[in-house]
Amino acid sequence: MITKTVIPLLCGLLFGAGLSISGMTDTRVVLGFLDISGAWDPSLMLVMVGALAITVPGFWLAQKRTQPILTSEFHLPASCKIESKPLLGSAIFGIGWGLYGYCPGPALASLTTLNWQPILFVAAMAAGVYLEKWVQMLKQQEPNRLPDKQGSTP
Amino acid sequence: MNTLLVPVIGGVLIGLSSLAMLALLGRITGISGIFAGVITAESGTWRWAFMVGLIGGPVLYHLLTSASAPLPSEAGWPLTVIAGLLVGFGTRYAGGCTSGHGVCGIGRLSQRSMAATATFMGAGMVTVYITRHLLGAG
Numbered sequence: 023m024i025t026k027t028v029i030p031l032l033c034g035l036l037f038g039a040g041l042s043i044s045g046m047t048d049t050r051v052v053l054g055f056l057d058i059s060g061a062w063d064p065s066l067m068l069v070m071v072g073a074l075a076i077t078v079p080g081f082w083l084a085q086k087r088t089q090p091i092l093t094s095e096f097h098l099p100a101s102c103k104i105e106s107k108p109l110l111g112s113a114i115f116g117i118g119w120g121l122y123g124y125c126p127g128p129a130l131a132s133l134t135t136l137n138w139q140p141i142l143f144v145a146a147m148a149a150g151v152y153l154e155k156w157v158q159m160l161k162q163q164e165p166n167r168l169p170d171k172q173g174s175t176p
Numbered sequence: 005m006n007t008l009l010v011p012v013i014g015g016v017l018i019g020l021s022s023l024a025m026l027a028l029l030g031r032i033t034g035i036s037g038i039f040a041g042v043i044t045a046e047s048g049t050w051r052w053a054f055m056v057g058l059i060g061g062p063v064l065y066h067l068l069t070s071a072s073a074p075l076p077s078e079a080g081w082p083l084t085v086i087a088g089l090l091v092g093f094g095t096r097y098a099g100g101c102t103s104g105h106g107v108c109g110i111g112r113l114s115q116r117s118m119a120a121t122a123t124f125m126g127a128g129m130v131t132v133y134i135t136r137h138l139l140g141a142g
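Line by line, the protein sequences give chains X and B. Take the position in the first sequence, starting the count at 1, then add 22; the result is the number in our numbering. Take the position in the second sequence, starting the count at 1, then add 4; the result is the number in our numbering.
Bound conformation, chain X alone (with noise of 0.2 Å):
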């Protein structure tokens, strides 16, 4: 029950208090960091930094454990190589984030506004999820290429 619900609840308000504090949930914020050659604006980087200052030394110490605190095994991506496939899935990320401003989390996050701006932003990533389960559903079907056993999602 508190590693089900409780525990990733507090985590979500955590996570979505600090989107919403660090200007992240800003389009205008986001894409000043990305315009390099106009008005830069480093907040997304502070914003890296801060999460990294955490998160580096503290997965560090997480990891020394053989398990974690609360449940009895760490689900972690399979592979820490560097593979085409995702960075070619990145580059397409890279393109919608460029053009509109909101990754996943801050679209998500903006939700609550109620305007029709990330309430249609989010309909349209859902459907992006979807396209994308066709893709891999139709590549591993194909019979002359090998599927595809990456199988990283962090």
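Just so you know, the hints here were simulated from the structure itself, not pulled from any lab data. Please note that a few of the clues may not be correct.
[As the list claims (entries may be wrong)] Computed, partial: chain B to chain X, Cβ under 8 Å:
#, residue
1, VAL12
2, VAL16
3, LEU17
4, GLY30
5, ILE32
6, SER47
7, THR84
8, VAL91
9, GLY94
10, TYR97
11, SER103
12, ALA127
13, LEU138
[Stated by the list, open to error] Here are the simulated lysine to any residue pairs, SDA-like style, with alpha carbons at most 20 Å apart:
#, chain 1, residue 1, chain 2, residue 2
14, X, LYS26, B, GLY48
15, X, LYS86, B, ALA27
16, X, LYS161, X, ALA149
17, X, LYS103, B, ILE59
18, X, LYS86, X, ILE104
19, X, LYS107, X, LYS161
20, X, LYS103, B, ALA119
21, X, LYS26, B, VAL42
22, X, LYS26, B, ILE59
23, X, LYS103, X, VAL78
24, X, LYS107, X, TRP156
25, X, LYS155, B, ILE43
26, X, LYS26, X, TRP82
27, X, LYS107, B, ALA122
28, X, LYS155, B, GLY41
29, X, LYS155, B, ALA122
30, X, LYS155, B, THR44
31, X, LYS155, B, GLY48
32, X, LYS26, B, TRP52
33, X, LYS107, X, MET159
34, X, LYS155, B, VAL85
35, X, LYS107, X, ALA75
[To be verified] Ranges between beta-carbon positions, derived for each pair:
#, chain 1, residue 1, chain 2, residue 2, range
36, B, ALA45, X, TRP138, 32 to 40 Å
37, X, ILE24, B, GLY126, 36 to 44 Å
38, X, ALA145, B, GLY140, 26 to 34 Å
39, B, GLY126, X, VAL157, 17 to 25 Å
40, X, LYS155, B, GLY140, 36 to 44 Å
We treat Cβ as the ideally placed atom computed from N, Cα and C, and that holds for glycine.
Given the structure of chain X, go ahead and fit chain B onto it with the hints provided.
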């Protein structure tokens, strides 16, 4: 408050949330993966709980501080749809987004995530350069 300090504090909260998820529950906080799990009805109550928190967190923040939420993008609906599709498809194909690759993957010192993060930031910068400075929009 200092305009440089505020984003750092926000980032620290995001980092603490991601650290608690890993240290306590053994989970990587990848928003695109959690979102995909929720909408495709994958098992895992924790994803639903996290999603409720993520959506509710900003409400709590705005209630407590009386700061107003930022105005939405001025882009029209076609661009909203196209960008949403690209972000949904791309993050799933990449196996992560700004949180999964950027905050958690780099947090684990994964080269795969570092390369992914450099790629989506680079692609975003090139896109903004083309739309703002070559095409003159926005």
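Now for the hints, and whether the structure bears them out:
1. VAL12: At about 4 Å, which falls below the 8 Å cut-off, the nearest Cβ of chain X leaves the hint on B:VAL12 intact, so it holds.
2. VAL16: holds (4 Å)
3. LEU17: holds (3 Å)
4. GLY30: With a closest approach of 4 Å, the B:GLY30 hint holds.
5. ILE32: holds (4 Å)
6. SER47: Hint on B:SER47: violated, closest Cβ of chain X at ~11 Å, above 8 Å.
7. THR84: holds (5 Å)
8. VAL91: Result: holds, 4 Å to nearest chain X Cβ.
9. GLY94: holds (3 Å)
10. TYR97: holds (3 Å)
11. SER103: Holds: closest Cβ of chain X sits about 6 Å from B:SER103, inside 8 Å.
12. ALA127: holds (3 Å)
13. LEU138: Since chain X brings no Cβ nearer than about 10 Å to B:LEU138, farther than 8 Å, the hint is violated.
14. X:LYS26 / B:GLY48: holds (8 Å)
15. X:LYS86 / B:ALA27: Holds - the C-alpha atoms of B:ALA27 and X:LYS86 are around 10 Å apart, at most 20 Å.
16. X:LYS161 / X:ALA149: holds (18 Å)
17. X:LYS103 / B:ILE59: Since the Cα atoms of X:LYS103 and B:ILE59 sit roughly 32 Å apart, the hinted pair is violated (cutoff 20 Å).
18. X:LYS86 / X:ILE104: Roughly 24 Å separates the two Cα atoms, so the pair is violated.
19. X:LYS107 / X:LYS161: Measuring from Cα to Cα gives roughly 13 Å; hence the hint holds.
20. X:LYS103 / B:ALA119: holds (9 Å)
21. X:LYS26 / B:VAL42: Holds. X:LYS26 to B:VAL42 sits at ~14 Å (cutoff 20 Å).
22. X:LYS26 / B:ILE59: At roughly 17 Å apart (the allowed maximum being 20 Å), B:ILE59 and X:LYS26 satisfy the hint.
23. X:LYS103 / X:VAL78: holds (18 Å)
24. X:LYS107 / X:TRP156: Holds: X:LYS107 and X:TRP156 sit about 16 Å apart, inside 20 Å.
25. X:LYS155 / B:ILE43: holds (12 Å)
26. X:LYS26 / X:TRP82: violated (24 Å)
27. X:LYS107 / B:ALA122: It holds: about 14 Å lies between the C-alpha atoms, which stays within 20 Å.
28. X:LYS155 / B:GLY41: Distance ~12 Å between X:LYS155 and B:GLY41 Cα, so the pair holds.
29. X:LYS155 / B:ALA122: violated (24 Å)
30. X:LYS155 / B:THR44: It holds: about 10 Å lies between the C-alpha atoms, which stays within 20 Å.
31. X:LYS155 / B:GLY48: Holds. X:LYS155 to B:GLY48 sits at ~19 Å (cutoff 20 Å).
32. X:LYS26 / B:TRP52: holds (9 Å)
33. X:LYS107 / X:MET159: This hinted pair holds, its Cα atoms lying about 15 Å apart.
34. X:LYS155 / B:VAL85: holds (18 Å)
35. X:LYS107 / X:ALA75: Since the Cα atoms of X:LYS107 and X:ALA75 sit roughly 28 Å apart, the hinted pair is violated (cutoff 20 Å).
36. B:ALA45 / X:TRP138: 32 to 40 Å: violated (25 Å)
37. X:ILE24 / B:GLY126: 36 to 44 Å: Holds, since X:ILE24 and B:GLY126 (Cβ atoms, about 41 Å apart) stay within the stated range.
38. X:ALA145 / B:GLY140: 26 to 34 Å: Once the Cβ atoms are compared, 29 Å apart, the range 26 to 34 Å for B:GLY140 and X:ALA145 holds.
39. B:GLY126 / X:VAL157: 17 to 25 Å: Given about 23 Å between the Cβ atoms, the range holds.
40. X:LYS155 / B:GLY140: 36 to 44 Å: holds (37 Å)
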